[in-house]
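Enquirer: Taken in order, these protein sequences are the chains called A and B. Numbering-wise (our numbering), the first sequence opens with residue 1 and increments by one. Numbering-wise (our numbering), the second sequence opens with residue 1 and increments by one.
All clues stand as given, with none of them false.
Where chain A lies over chain B, by a calculated footprint (3+ residues, C-beta under 8 Å):
| no. | segment |
| --- | --- |
| 1 | 23-30 |
| 2 | 42-51 |
| 3 | 64-77 |
Hints in this document: simulated from the structure, not taken from any laboratory. Backbone N, C-alpha and C fix where the C-beta goes; we use that ideal spot for every residue, glycine too.
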Amino acid sequence: MTDVGHAVVEWLANTEWSVALHESQYGYAVVESIHVWALCLFVGFAIVLDLRLVGVIFRGVPVAHMIERVLPWTRAGFVVMVISGVLLFYAIPVRTYHNVFFRAKAVLLILAGLNAFAFHYGVARRLPDWDVNGGLPRAARLAGVFSLMLWASVVFSGRLIAYNWFDCAKRQSPLISTLAGCTPEMIDPYQ
Amino acid sequence: MLLPLFEALEASAIGEGIRNSLWMFPIIEAFHLIGLAVIGGAILVVDFRLLGLGLRNHSVSKLAHDMQPWVIGSIVVMVLSGLPLFLSEAIKCYYSFAFWTKMTALLLAVAFTFTVRRYVTSAPDDRYSPLRAKAVGLTSIALWATVGWGGRWIGFSG
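Excised from the complex, chain A in its bound form:
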C-alpha cells in the first residue's frame, strides 16, 4: 500500500520555501517563538475559559460574557497557533509526518475540537437557562475538564515532537513502526 501522505510530505520537503525555512539561521526559531507566544494566549485563555466552566474562577462572570469577550481572543490565538504550527511542519515535513508525538498531537487536537464542538452545540445552547442562577450543569463542567486534559496533552505531545527517540531513521519496534509509518528504507545505516 502506498503512503500518499508520505509522497505529499516528500514533495513538500523539496519545495524551495521549505528548504529555505529549514536552513535559515533565525527563521525557524522566530516561528517557534511565535508559536510559544501564541500558546500563552490561546491555551492560556482556553484554560481560563475551562476553569470558569469547572466553576473554579470568575464565578461572578456569566459564561455568556466569557464566550462573548474572551473566546474571540482565544480564537485569534488559535489562528496564530495554526499558522505558525503549519510553518513549523512545513520546515520539517517528512520527519514530522513520521513522528509518533506529532501523530498523537493530531489525534488529540481532533478530540479537543470535538469536545469544543459538543460544548458549543450542546449544553451551551441552553446557556440562558443555567448561566448565572441555574448553576453549572454537569455537561458544562465535564466539557471544561475534558478540555483542560486534552489541551495539556496537546502541549505535552507537541513539546516532545522535537525528540528523535522514535524516528524512522532508527530501527524501531513493530508497534512504533506501524504508528509512525516507518518503512525499512527510512533506516539510516549511520544512526
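Since the structure of chain A is provided, determine the placement of chain B on it from the hints.
Expert: The following block gives chain B in isolation, referenced to the frame of chain A:
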C-alpha cells in the same frame, strides 16, 4: 565570577541525573510548558482587562483576585520545573544570552507583578486613570513575553 558556581550546579546530583536520563529533560520541559500556558492565561486575562479588552464589564480587582492563586501557583510550578532543567545545563546557560535576558526579565516581571501591578489591580476601578491601567497592562505583557521568549531561545543557544 559566577562560572565556578554554575559549574558546581551543573555537577550537582540532580543536574547529573537529568543529563544521564534520556526522558527526564523532555518530560520536565513539557510540564514547564504546560505551566507556561497557565501563567499565560492567568496574567493575560487581567492585563487584557487593564488594556480595556476582554472582560471589560467586570471589575479589575475581582478578576485579579480570582487569578492571584493561579499566578502564584504557576510561578511555583515554573520554578520547580525550571530549576532542574537549569541544573542539567548550567554551564550552557552561563554562556547563553537568552538565559540572562530571561532571568533579568523574570526578576523584573515578578517584582512588577507583586508591587505596581498588584496595587493597581487591587484598587477600585476608578482609582487609576485608564491610561495608567493600560501602561501597567502593557508593561506586564512586555516583561512576561520577554521571559517566554528568553526561555524558548535558551534551547536555540549553545
